[in-house]
Amino acid sequence: MSGTPSVSQLVDAVRLFLAEAETELSGRLAFHAKVAGNALAIVTRELAASPEPAERAALTALTGQDGPTAELRHELCERLRDGRANAQTPGLVDALYTAAVAQVAVDNPRYATFKRATGA
Amino acid sequence: MALDIKPDALAAVLARTTGADVQVTRIDALSGGASSATFAVKASRDGADWPLIMQCSAAGEPAPGAMAKRTQARLQEVARKAGLPVAETVAILEAEDGLGDGFVMTRIDGESLAPRYLRLPEYAAAREAMTAQCATALARLHALPRSAFDGLPLTGGSPQALLAKSFAAYRAFGIELPAYDLAFAWLKERLPDTEPTALVHGDFRSGNFIVGTDGLRAILDWELGHFGDPLEDMGWLCGNAWRFGNWQKPVGGFGEREALYAAYEAAGGAKVDRDAVHMWEVWGTLRWGMSCVMLVSDHLSGRVPSVERAAIGRRISENELDLLYLFKHGSI
Numbered sequence: 001m002s003g004t005p006s007v008s009q010l011v012d013a014v015r016l017f018l019a020e021a022e023t024e025l026s027g028r029l030a031f032h033a034k035v036a037g038n039a040l041a042i043v044t045r046e047l048a049a050s051p052e053p054a055e056r057a058a059l060t061a062l063t064g065q066d067g068p069t070a071e072l073r074h075e076l077c078e079r080l081r082d083g084r085a086n087a088q089t090p091g092l093v094d095a096l097y098t099a100a101v102a103q104v105a106v107d108n109p110r111y112a113t114f115k116r117a118t119g120a
Numbered sequence: 121m122a123l124d125i126k127p128d129a130l131a132a133v134l135a136r137t138t139g140a141d142v143q144v145t146r147i148d149a150l151s152g153g154a155s156s157a158t159f160a161v162k163a164s165r166d167g168a169d170w171p172l173i174m175q176c177s178a179a180g181e182p183a184p185g186a187m188a189k190r191t192q193a194r195l196q197e198v199a200r201k202a203g204l205p206v207a208e209t210v211a212i213l214e215a216e217d218g219l220g221d222g223f224v225m226t227r228i229d230g231e232s233l234a235p236r237y238l239r240l241p242e243y244a245a246a247r248e249a250m251t252a253q254c255a256t257a258l259a260r261l262h263a264l265p266r267s268a269f270d271g272l273p274l275t276g277g278s279p280q281a282l283l284a285k286s287f288a289a290y291r292a293f294g295i296e297l298p299a300y301d302l303a304f305a306w307l308k309e310r311l312p313d314t315e316p317t318a319l320v321h322g323d324f325r326s327g328n329f330i331v332g333t334d335g336l337r338a339i340l341d342w343e344l345g346h347f348g349d350p351l352e353d354m355g356w357l358c359g360n361a362w363r364f365g366n367w368q369k370p371v372g373g374f375g376e377r378e379a380l381y382a383a384y385e386a387a388g389g390a391k392v393d394r395d396a397v398h399m400w401e402v403w404g405t406l407r408w409g410m411s412c413v414m415l416v417s418d419h420l421s422g423r424v425p426s427v428e429r430a431a432i433g434r435r436i437s438e439n440e441l442d443l444l445y446l447f448k449h450g451s452i
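These protein sequence lines map, in sequence, to chains A and B. Residue 1 is where the first sequence starts when you use the working numbering, and the numbers rise one by one after that. Residue 121 is where the second sequence starts when you use the working numbering, and the numbers rise one by one after that.
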């Protein structure tokens, strides 16, 4: 305990505040307070575990290339656009599925399809 | 401007269109989007309460590419007279009214929040009835001849043209989402290049209905109506996003596919090609995914700074996962 709150502790504190504020608000502002709280929950989850390594590993294996995630993504998009890759390309749907599951784990782990995909 | 229409000015329009003694006491904003605004109108007609809804183009005149509200009103009337549950138009604002582009319709009582009518026990009978009601409404709409819409400036095109337009919009954002590219490529191989055969609603789904305990009471939001492939409406209705978590009920979160198809055919609709509906469901998932991209870009570009728009950007991954689930498992 250093006495200095970490970034995620600060985010948690703001979430608590927003939850409190929401009860005092109505209509559009209450709705936006709820949305803001949900956005901070995403921040908390992403600080704890970024989905990027999972995407990068999946795309590296699929494309046979190494590089930043954005470049691998670009490479795959180009292949899909010019017909070098499609839904029948071995491993393609599975690789993207793995990356999407990792991303939704951060963005919205309550999403029905995420629960179905992970058996949660 | 549409947004400051005065009660007296609106009362004068309503008196003109109805020939009745009309008083308007309040006009309250209900919701406003980028292109249109909706108002609750508290009025009386010959002394009796007359609750109304007014919809106006947000800037007074239709945004580029958007359907004019006066066109929407006339489209709704065509659908209503064909037997679909649609609120009756009571006045269309004309140029000489000087109130901008808009129309007024009757207010229909009921629940419009999908998570409520999809979950609350008092709507169990409604959920039971809605599959057949939706099927019948779509069959009646899709059966209308093109001549029923004569004089209405409605757009339309082949499914391939629709896809090409959406792909161009995607590329214009300069983003790279492999799941979207996969879906665009998959659809490009499969969607027909046929000319439109029917007027499709374009946004026929849970969330755009008014539901009573007896079932479907009104179909809302006709501004995306266009000439196209009737199965587009069917695939959109079955999209996972519009099940609001009730994924076990593929039709809008309340019904079963086969029951929808059977009721559609029984109501005079063409025989339903299951593979084609699946294709349109993939299209619908991608289309909602593109809406998320457009909405978050409003925030990211600074056009509409909003925490809500920002957060919608994190729903892109839900659509990616839904698309991939469809490709991996064949259905969702």
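To be clear, the hints were calculated from the coordinates, so they are not data collected in a lab. Owing to the predicted nature of the structure, the values given are computational and were not obtained by experimental measurement. Even glycine gets a Cβ: it sits at the ideal position worked out from N, Cα and C. Just to be clear, a hint being listed does not mean it is correct.
[As the list claims (entries may be wrong)] Non-contacting residues of chain B with respect to chain A, defined by C-beta distances greater than 12 Å in every case (computed):
#: 1; residue: Arg194
#: 2; residue: Glu208
#: 3; residue: Ala305
#: 4; residue: Gly322
#: 5; residue: Arg363
#: 6; residue: Ser421
#: 7; residue: Ala431
#: 8; residue: Ile452
[Said to hold, decoys possible] Okay, derived cross-link-like pairs now, BS3-like style, lysine-lysine, Cα gap no bigger than 27 Å in a straight line:
#: 9; chain 1: B; residue 1: Lys201; chain 2: B; residue 2: Lys162
#: 10; chain 1: B; residue 1: Lys369; chain 2: B; residue 2: Lys391
#: 11; chain 1: A; residue 1: Lys115; chain 2: B; residue 2: Lys126
#: 12; chain 1: A; residue 1: Lys115; chain 2: B; residue 2: Lys369
#: 13; chain 1: B; residue 1: Lys162; chain 2: B; residue 2: Lys126
#: 14; chain 1: B; residue 1: Lys201; chain 2: B; residue 2: Lys391
Quick rundown of the hints versus the structure:
1. Arg194: holds (32 Å)
2. Glu208: Label holds. Min Cβ-Cβ 29 Å, cutoff 12 Å.
3. Ala305: Its Cβ does come within 12 Å of chain A, the nearest being 5 Å, so this is violated.
4. Gly322: holds (24 Å)
5. Arg363: Incorrect as stated: the minimum Cβ-Cβ distance to chain A is 8 Å, not above 12 Å.
6. Ser421: holds (18 Å)
7. Ala431: Label violated. Min Cβ-Cβ 5 Å, cutoff 12 Å.
8. Ile452: violated (7 Å)
9. B:Lys201 <-> B:Lys162: Status holds; Cα separation ~26 Å.
10. B:Lys369 <-> B:Lys391: holds (22 Å)
11. A:Lys115 <-> B:Lys126: Given that 27 Å is the threshold and the Cα spacing comes to 50 Å, the pair is violated.
12. A:Lys115 <-> B:Lys369: At roughly 16 Å apart (the allowed maximum being 27 Å), Lys369 of chain B and Lys115 of chain A satisfy the hint.
13. B:Lys162 <-> B:Lys126: holds (12 Å)
14. B:Lys201 <-> B:Lys391: holds (24 Å)
The structure fails hints 3, 5, 7, 8 and 11 (numbered hints given earlier, in ascending order).
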